[in-house]
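Colleague: Protein chains in written order, with my numbering: chain A, 82 to 292; chain B, 82 to 292.
Derived by calculation from the structure, the hints in this document are not laboratory data.
Just so you know, these numbers come straight off a predicted model, no measurement behind them.
There's no promise every hint is true.
Given that identical chains are not distinguished, each listed pair holds provided it fits within a single copy or across any two copies.
When the alpha-carbon atoms are kept at most 20 Å apart in a straight line, the in silico SDA-like pairs for lysine to any residue are as follows [as the list claims (entries may be wrong)]: (1) K236 x A178; (2) K252 x Q209; (3) K241 x Q209; (4) K248 x I87; (5) K164 x S127; (6) K164 x G285.
2 protein chains.
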Amino acid sequence: MDEKTISQAVIGRLPRYYRYLGDLKDSGIERISSQDLSKLMKVTASQIRQDFNNFGGFGQQGYGYNVDYLYNEIAKILGLHNKHNLVIVGAGNLGQALANYMNFERRGFIVKGIFDINPNLIGKTLRQIPVQPMENLEEFIKSNNIDIAVLTIPKDGAVKTAEILVKCNIKAIWNFAHVDLNVPDDIVVENVHLSDSLMKLSYGLGQRENK
Amino acid sequence: MDEKTISQAVIGRLPRYYRYLGDLKDSGIERISSQDLSKLMKVTASQIRQDFNNFGGFGQQGYGYNVDYLYNEIAKILGLHNKHNLVIVGAGNLGQALANYMNFERRGFIVKGIFDINPNLIGKTLRQIPVQPMENLEEFIKSNNIDIAVLTIPKDGAVKTAEILVKCNIKAIWNFAHVDLNVPDDIVVENVHLSDSLMKLSYGLGQRENK
Chain A
82 MDEKTISQAV
92 IGRLPRYYRY
102 LGDLKDSGIE
112 RISSQDLSKL
122 MKVTASQIRQ
132 DFNNFGGFGQ
142 QGYGYNVDYL
152 YNEIAKILGL
162 HNKHNLVIVG
172 AGNLGQALAN
182 YMNFERRGFI
192 VKGIFDINPN
202 LIGKTLRQIP
212 VQPMENLEEF
222 IKSNNIDIAV
232 LTIPKDGAVK
242 TAEILVKCNI
252 KAIWNFAHVD
262 LNVPDDIVVE
272 NVHLSDSLMK
282 LSYGLGQREN
292 K
Chain B
82 MDEKTISQAV
92 IGRLPRYYRY
102 LGDLKDSGIE
112 RISSQDLSKL
122 MKVTASQIRQ
132 DFNNFGGFGQ
142 QGYGYNVDYL
152 YNEIAKILGL
162 HNKHNLVIVG
172 AGNLGQALAN
182 YMNFERRGFI
192 VKGIFDINPN
202 LIGKTLRQIP
212 VQPMENLEEF
222 IKSNNIDIAV
232 LTIPKDGAVK
242 TAEILVKCNI
252 KAIWNFAHVD
262 LNVPDDIVVE
272 NVHLSDSLMK
282 LSYGLGQREN
292 K
């Protein structure tokens with residue numbers, strides 16, 4: 082099994098499989114056929130089989146998939162059994178929403194520090210973590226084994242902060258700023274461009290009205 | 082020009098073009114070649130030409146693209162010149178973050194109402210819009226020409242709310258809940274699954290460590 086040859090498209094679909102398998106697990110379902118999973122997820126059974134074949138199959142012909150096993154194998158592939166310390170840069174509403182989202186912690190993402198430039202927010206606590214001034218960021222990352230920085234700040238600040246993060250050898254950036262960051266290739270960047278998403282919705286609305 | 086034949090992949094790239102062209106416009110740049118745009122956006126010039134050819138090209142051979150014209154044409158394709166009224170269901174941190182994000186209004190998305198089940202939030206105002214109880218949602222949508230509902234609530238509430246929205250003939254749902262909604266095909270659904278995004282980042286981190 083050579084994971085390097087797996088396409089980004091397949092990787093992109095794994096979180097959705099993981100989500101459905103988690104729901105099945107929570108409902109006490111132990112086995113599921115690719116046909117039933119196909120109906121549930123509204124993708125073809127052949128797509129499911131092809132996707133899972135990338136990772137060795139996970140299933141026995143005719144017996145369906147073992148939900149718990151599959152759930153755990155996908156978690157392993159996605160690296161969800163690892164723990165990662167993160168900092169949130171930007172303690173506004175979005176930063177607060179992410180800090181308060183407990184599910185991230187269940188998946189191994191631990192919020193260690195929160196930073197902001199707004200003096201009114203400094204010292205405020207979010208889930209018992211005090212908001213610190215930006216000046217502390219570099220030192221904090223270096224001394225607290227931080228892998229991931231979450232950027233929930235406007236684009237100008239994000240570009241400047243990314244430069245600091247590169248200096249600190251950050252491993253990954255989860256970027257909510259409305260800009261593509263220019264960082265070395267060995268830093269993993271996952272963008273959430275909310276405006277882009279809203280524009281796609283707008284396009285869909287336009288198409289709907291043209292029908 | 083038959084927009085129906087344009088692939089989802091091309092549509093998915095338009096918001097990013099729009100974003101870069103907006104930045105160029107703000108910097109006072111009037112013309113750009115596909116080569117320069119290619120360097121800036123880190124996609125091949127041939128990809129750019131192919132993408133734009135889907136919509137009639139927008140450029141004259143040898144003269145590059147007119148930034149302002151291209152920006153406006155993409156806005157038209159994405160339907161950004163239309164105004165859409167929306168409601169936000171869920172006045173927690175994420176709902177507040179979206180309500181406060183002025184850029185959406187610039188793009189024609191007008192927040193008309195905000196709803197929550199939490200009695201402590203009812204009557205609170207976000208950008209001068211009072212938070213209303215969920216009981217008012219159906220009537221409000223029907224009488225205020227609402228096209229879009231933004232769901233920033235947990236998944237159980239989102240599934241129930243989607244049923245109400247279907248009854249009200251909502252046109253589009255911008256879904257932040259960690260669940261795929263089961264709604265008729267004529268409702269445009271754009272999902273932002275933050276956990277899925279974080280899992281992709283986790284996978285990237287795992288790959289990085291295996292190198």
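Colleague: If you check each hint against the structure, which ones fail?
Modeller: Violated hints: 2, 3, 4 and 5; rest satisfied.
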